[in-house]
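Generate coordinates for the entire structure from the input sequences, incorporating the hints supplied.
Chains A and B supply the protein sequences, listed in that same order.
Under this note's numbering, the first residue of the first sequence carries the number 1, and numbering increases by one thereafter.
Under this note's numbering, the first residue of the second sequence carries the number 1, and numbering increases by one thereafter.
The set of hints was computed from the structure by calculation and includes no laboratory data.
Given the structure is predicted, the values throughout are model-derived calculations rather than measurements.
Heads up, a few of these hints could be off.
A pair holds if it fits inside one copy or across any two, identical chains being indistinguishable in the list.
Derived DSS-like pairs: lysine-lysine, alpha-carbon spacing no greater than 25 Å straight-line [to be verified]:
(1) K179 x K37
(2) K278 x K37
(3) K292 x K179
(4) K91 x K292
(5) K179 x K278
(6) K303 x K174
(7) K131 x K316
(8) K57 x K174
(9) K278 x K17
(10) K37 x K271
(11) K57 x K271
(12) K66 x K3
There are 2 protein chains.
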Amino acid sequence: MNKEVVIGIDIGGTFTKLGITDRSGNLYYENVIETDKYEDPNTFVDAVHEMVHEVLKKHEDDFTIKGVGIGAPNANYYTGNIEFAPNLIWKGVIPFSNIFSNKFDLPVALTNDANAAAIGEMVFGAAQNMKNFLMITLGTGLGSGLVVNGDLVYGHDGFAGELGHVTVVENGRKCGCGKRGCLETYVSATGIKRTMFELMATETDDSPLRNVSFNQLEAKDITDAANNGDILAQKAYDRTGTMLGSALANTVAHISPQAIFLFGGLAKAGKWIFEPTKISMEQHLLEIFRGKIKVLSSALMDKNIAVLGAAALMWKELS
Amino acid sequence: MNKEVVIGIDIGGTFTKLGITDRSGNLYYENVIETDKYEDPNTFVDAVHEMVHEVLKKHEDDFTIKGVGIGAPNANYYTGNIEFAPNLIWKGVIPFSNIFSNKFDLPVALTNDANAAAIGEMVFGAAQNMKNFLMITLGTGLGSGLVVNGDLVYGHDGFAGELGHVTVVENGRKCGCGKRGCLETYVSATGIKRTMFELMATETDDSPLRNVSFNQLEAKDITDAANNGDILAQKAYDRTGTMLGSALANTVAHISPQAIFLFGGLAKAGKWIFEPTKISMEQHLLEIFRGKIKVLSSALMDKNIAVLGAAALMWKELS
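Encoded structure:
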């Protein structure tokens, strides 16, 4: 039986994941390719094409490929370009959609990774009946995808949804973007590490993490420590959630979403992040919004949301 | 010749303005009625009906009324209710659309006043070709209407766009909403008055406004003083614009609008408010947004934007 499928591709700084999926989100094939091995984006696309082609040769009668959906950092949905992505080896403006569609001779849709995650949640996850929601991805940085009236918010230039860079502390922590006090300098894997080190300086509680250097410490170590009763690690999560909750309250004042989904490493810390986030959000909400907005784990937390989301983007374009 | 028209109604705490307008925004009739004279919303609607009816009797052959558009504080587009409006004498939840449609036997659409202003700008003003923009109304408080992908953002519950209540200073000024540090406690007619009094306390510059009591001072006095070279008044505008600009940068990170329109008393202060707002916004913007977002005066500044906006809402529903 021949099945209509799309290719979903999640491009990260180090690894690129890809999958072949049907309309229901069933993954028939998954693979990984090293992004930073390819200095030229064209040879990268050639390698992806070859990889997919080999699979397809074996399953010629099984699949009809309808298109390619791509999630990538600093990707612009309108132009199909990846623009000035600090975490990719390809600098400047890369006409990524064009390169892919020329090589694959298929429709291609491109958006940033957090938007792809939001679409994944909408098409395959817990937001299937939601018209207004927010996706927050907590990785090295903080990404976000806003859905309003059932559509992704791209803004006039394709760059909307940069919640990682709202200013939460005037003259606060230095951000990779050049500004100071951006949300992601507090709320992200890197952000909680910085908070942990701030707490080591200001507090006196003992902690095994005091034996770990800044460069060696990972967010997961803080989660493990919190689970083991480490007071400093718990305080670090408390501060992180408090900061996130107050920022989310401001986002609610903008778009009043039905739910806010958290995805990524920090979200896996469970109650350590969710509880202070909810408390702080409720405290900062205008009364009319209180008790209404759900803060949830992504339903695709343990699945390949980025690949599924990229595929979902293409399915959305096709429908 | 018979012309299709709608009734636009702008309900304020003290006065309600109404007008009859065609699809092009020509106003054929305008009037004002005292809102707070009517303790019962039903008798208020009766009075509005009588007022309109008298005009229509004289112009029976000229006009066909197609509907009624209403802008009101705390109005919910989805439910047609006015809910817990602190500035209206009608308390609790008022099924305003129902009362109007029963009395007028016409389609009725209701939204909050700032949303109505945004629709007015979109249908009759400078946002006619814009799909993504922001309207900020600077009155006693700060209202906002967000337009994304060509549609007003109502959110899941009809209450989106409450930018006056984003928290800009943690534990800052007490707000009428019960919270502290809301944007409108700094950026509004009341906000700049509070800033002026803060400056009188912290600075030593002389100012004729030092002879005016808090209750007597009006925002317009501060504008006049700034125009007359009053250093304190100019500083008050500078702080107000700086605060507004940083808040707008956060909104840009959410929805990346093509333009931001300012409307209302403070916006009439011209350069005193626009210059610091633009400077501060640019400073707080992520690089990809810099130099792209226009901050403009509403093109309907000297027109009855609220009535036109309410009418435009109805025209939008009808089309």
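message: Regarding K303 and K174, is the shortest C-alpha distance of 25 Å or less found within a copy, between copies, in both, or in neither?
response: neither (33 Å within a copy, 45 Å between copies)
Within, between, both or neither: K278, K17 at alpha-carbon 25 Å: neither (32 Å within a copy, 41 Å between copies)
message: Within, between, both or neither: how does the pair K179, K37 come out at a Cα-Cα threshold of 25 Å?
response: neither (30 Å within a copy, 52 Å between copies)
query: Checking K57 and K174: alpha-carbon separation at most 25 Å within a copy, between copies, both or neither?
result: neither (50 Å within a copy, 67 Å between copies)
- request: Tell me, please, which holds for K179 and K278 at an alpha-carbon limit of 25 Å: within, between, both or neither?
  value: Only across copies: K179 and K278 sit 17 Å apart there, 27 Å inside one copy, limit 25 Å.
task: Pop the pair K66 and K3 into one bin, within, between, both or neither, using alpha-carbon distances up to 25 Å.
output: Only inside one copy: K66 and K3 sit 10 Å apart there, 51 Å across copies, limit 25 Å.
- prompt: Within a copy, between copies, both or neither: where do K37 and K271 come within 25 Å Cα-Cα?
  reply: neither (38 Å within a copy, 52 Å between copies)
- prompt: Is the C-alpha distance from K278 to K37 at most 25 Å within one copy, between copies, in both cases, or in neither?
  reply: Neither way: K278 and K37 sit 41 Å apart in one copy and 43 Å across, limit 25 Å.
- prompt: Should K131 paired with K316 be assigned to within, between, both, or neither, using CA atoms and 25 Å as the limit?
  reply: Answer is both; intra-copy 14 Å and inter-copy 21 Å each pass.
field: Alpha-carbon proximity context of K91 and K292, limit 25 Å
entry: Cα proximity of K91 and K292: across copies only (22 Å, versus 43 Å in one copy).
field: Homo-oligomer pair classification [K271, K57; C-alpha up to 25 Å]
entry: neither (47 Å within a copy, 66 Å between copies)
- request: Go through the copies and call it for K292 and K179: within, between, both or neither, with a Cα cutoff of 25 Å.
  value: between (33 Å within a copy, 18 Å between copies)
The structure shown violates the earlier hints numbered 1, 2, 6, 8, 9, 10 and 11.
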